[in-house]
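Trainee: Residue numbers (the working numbering), protein chains in the order written: chain A, 1 to 432; chain B, 1001 to 1183.
I should point out that these hints are in silico values taken from the structure, not numbers from a laboratory. It is possible that some hints are incorrect.
[Unchecked claim] Partial list, computed: chain A residues near chain B (C-beta under 10 Å):
hint, residue
1, N24
2, H68
3, N80
4, D98
5, A287
6, P376
[As the list claims (entries may be wrong)] Below, simulated DSSO-like cross-link-like pairs (lysine-lysine); rule was C-alpha separation at most 30 Å, straight line:
hint, chain 1, residue 1, chain 2, residue 2
7, B, K1096, A, K263
8, A, K20, A, K76
9, A, K76, A, K47
10, A, K47, A, K20
11, A, K47, B, K1156
12, A, K47, A, K73
13, A, K89, A, K73
14, A, K176, A, K321
15, A, K73, A, K161
16, A, K249, A, K285
17, B, K1156, A, K76
18, A, K285, A, K89
19, A, K249, A, K263
20, B, K1156, A, K161
21, B, K1011, A, K161
22, B, K1156, B, K1096
23, B, K1096, A, K20
24, A, K161, A, K176
[As the list claims (entries may be wrong)] Simulated coverage check for chain A against chain B, where a stretch passes if three residues somewhere in it have a Cβ under 8 Å from a Cβ of chain B:
hint, region
25, 34-40
26, 137-147
27, 194-200
28, 325-338
What you are looking at is a predicted structure, and each value in this text was computed from that prediction instead of being measured. All C-beta atoms in this analysis are idealised placements derived from N, C-alpha and C, irrespective of residue type, glycine included.
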Amino acid sequence: MSMTITEKILARAAGRDDVKPGDNIWVNADILLTHDVCGPGTIGVFKREFGEDAAVWSREGVVIIPDHYIFTKDVKAHRNIDILRDFVKAQDLPYYYDPGTSHYKGVCHVAMPQEGHVRPGEIIFGTDSHTCTHGALGAFATGIGNTDAGFVMGTGKLLIKVPETLRFTLNGQLPKGVVAKDIILRAIGDIGVDGATYCALEFDGDGIQHLSVEDRMTICNMAIEAGGKNGIIAADEVAMEYVRARTDKPFTPLASDPDCTVKEQRTYDLSTFVPCVAEPNLPDKYAEAGQREGVALTRAYIGSCTGGKISDFLMAAEILKDRKVSIDTFLVPATQEVAEGLMSEHIDGKSLVEIFADAGCLDIAPPSCAACLGGPLDTFGRAQTDEVVISTTNRNFIGRMGSKQAQIYLASPYTVAASAVTGHITDPRRFL
Amino acid sequence: MSEAPPVISGKVYVVGDNIDTDQIIPAQYLNLVPTIAEEYRQLGSYALIGLPDDYPPFIAEAEMGTAYPIVIAGRNFGCGSSREHAPIALGAAGVKAVVADSYARIFFRNAVATGELYPMEAEVRLVDLLQTGDEATLDIGAGTLTTAAGVTYDLKPIGDVAPVVSAGGIFAYARETGMISAT
Ligand code: SF4
């Protein structure tokens, strides 16, 4: 029976020869990811259901990456990290990245692949909706709640429904100045914020080969913004090289059969894409950046699991080199590795740190989710009133970055940087 | 262990399309841990506080719970984050059921897995037919919503998840079906 990549991974994890969309199956997890916001509740469910002294199903399977509320004075946020620490100690878990130590990483979805926890063909459950990011390396990865996560923690299994697949075939090459974020914002614009509800979003086509692993992460990261259960791109040699450089654990990649059945097929020519924004207050409010030049901005924000990777900052630096920003510009590297990259990467002999400082950006924050989700009132970059923000993050819901009065436009790092220079929404191609 | 599905009577609270989890429980309250009893109650007191200011208060000032046991919503209710704090905040506030045109997948799943509330789906667009404060009776077992004026609307069957819901959540279901031991 021919199957999609998602069906094949799920069938293998269920110990079955085949599955079809709609089947409810128990699958074995390879990785359970959690963080400081949902980890304490997950641990609470796990202890309530399996007992105070129960052991997790797999010490290597549980990955805990605190990232959301790290640099805050909020007392409960610190208490939550203490809960994680105590649990890690009691269970002797090897994969915990503790804030305030040299192990600290930052945003979980960027740290996961960097640390080799994402492998093609595996099953990753995470207590975070953007767990779908990890489909970029050909894994089945999806977000779950604390109760399901508590179940996985104890059993290594979860009952899930096999999703139908929406396939986006991306052919050709993007023009200069148009990047992965523009692809996914257009895709979401086309199908809507609930266009992929309960579905797998698969991306294939000859255009994939021109996209880096980080580009693919940006695309899969936002599958949830169309309601998708997972985003996925079959691992090619580029993806497998990336993985092999970060883990010794063997893996067996899978790919869709050529004649598999999908719910919907869309085919795009990447050369027709343009820089774009998602207007407030939904990620599907697609508009061409060039058509919105009249929108005045008060703030620019570069960060998050979507737009805080080193490739994102390289794009921003390409625009900001030898230019000045005219609005407050907040920079939050996703992880420690990205923060180090800002010092070690250079353009024309200048480090990114120097480029951003000379451009007049605010001091670079330490890695974390920061204002991507608003957070405690003292969070770096949090919108406190009626700011108009252009951001490389993934959600522009009412109140997402803090204040309900703030307006958030989502865009690529190029578009955010170009707009930071002019103070209004700007097509970045004029600076490239 | 399975209980008969309830009949819920009371006032409805009506919201629009795409009510995301940041509106149901804004991120600044995610420092609260739902499995700690006191913080569970606090989460309830902040339910739907992220709605735009032109909505009437969901929870009256100085109250911890809501006067509206039924929420009527449009499309894609609960989109966004996987935070289980969202169905929990609603449940802790006293919401027994949501009747929406459709749900975001994770919210629906979390509502079922926690057993906090019944996520029901409407056949017609109830948000255009009901107003906040209207009285209604929701019969989960029969799959109907009846207004004070006596008009009855059929709801969609709860479908694949029915066995999990009627068992009382994912743990109870796994125990009933022998997937984990029944302690
Ligand atoms: S960076 Fe934003 S979207 Fe990503 S995990 Fe953190 S809060 Fe969620």
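Trainee: So, for every hint listed, does it hold in this structure?
Mentor: Hint check results:
no.: 1; hint: N24; in the structure: 6 Å, holds
no.: 2; hint: H68; in the structure: 7 Å, holds
no.: 3; hint: N80; in the structure: 6 Å, holds
no.: 4; hint: D98; in the structure: 18 Å, violated
no.: 5; hint: A287; in the structure: 18 Å, violated
no.: 6; hint: P376; in the structure: 6 Å, holds
no.: 7; hint: K1096/B to K263/A; in the structure: 34 Å, violated
no.: 8; hint: K20/A to K76/A; in the structure: 44 Å, violated
no.: 9; hint: K76/A to K47/A; in the structure: 20 Å, holds
no.: 10; hint: K47/A to K20/A; in the structure: 34 Å, violated
no.: 11; hint: K47/A to K1156/B; in the structure: 35 Å, violated
no.: 12; hint: K47/A to K73/A; in the structure: 28 Å, holds
no.: 13; hint: K89/A to K73/A; in the structure: 24 Å, holds
no.: 14; hint: K176/A to K321/A; in the structure: 17 Å, holds
no.: 15; hint: K73/A to K161/A; in the structure: 41 Å, violated
no.: 16; hint: K249/A to K285/A; in the structure: 41 Å, violated
no.: 17; hint: K1156/B to K76/A; in the structure: 41 Å, violated
no.: 18; hint: K285/A to K89/A; in the structure: 45 Å, violated
no.: 19; hint: K249/A to K263/A; in the structure: 34 Å, violated
no.: 20; hint: K1156/B to K161/A; in the structure: 19 Å, holds
no.: 21; hint: K1011/B to K161/A; in the structure: 34 Å, violated
no.: 22; hint: K1156/B to K1096/B; in the structure: 17 Å, holds
no.: 23; hint: K1096/B to K20/A; in the structure: 34 Å, violated
no.: 24; hint: K161/A to K176/A; in the structure: 40 Å, violated
no.: 25; hint: 34-40; in the structure: holds (count 3)
no.: 26; hint: 137-147; in the structure: holds (count 5)
no.: 27; hint: 194-200; in the structure: holds (count 3)
no.: 28; hint: 325-338; in the structure: violated (count 0)
The structure shown violates the earlier hints numbered 4, 5, 7, 8, 10, 11, 15, 16, 17, 18, 19, 21, 23, 24 and 28.
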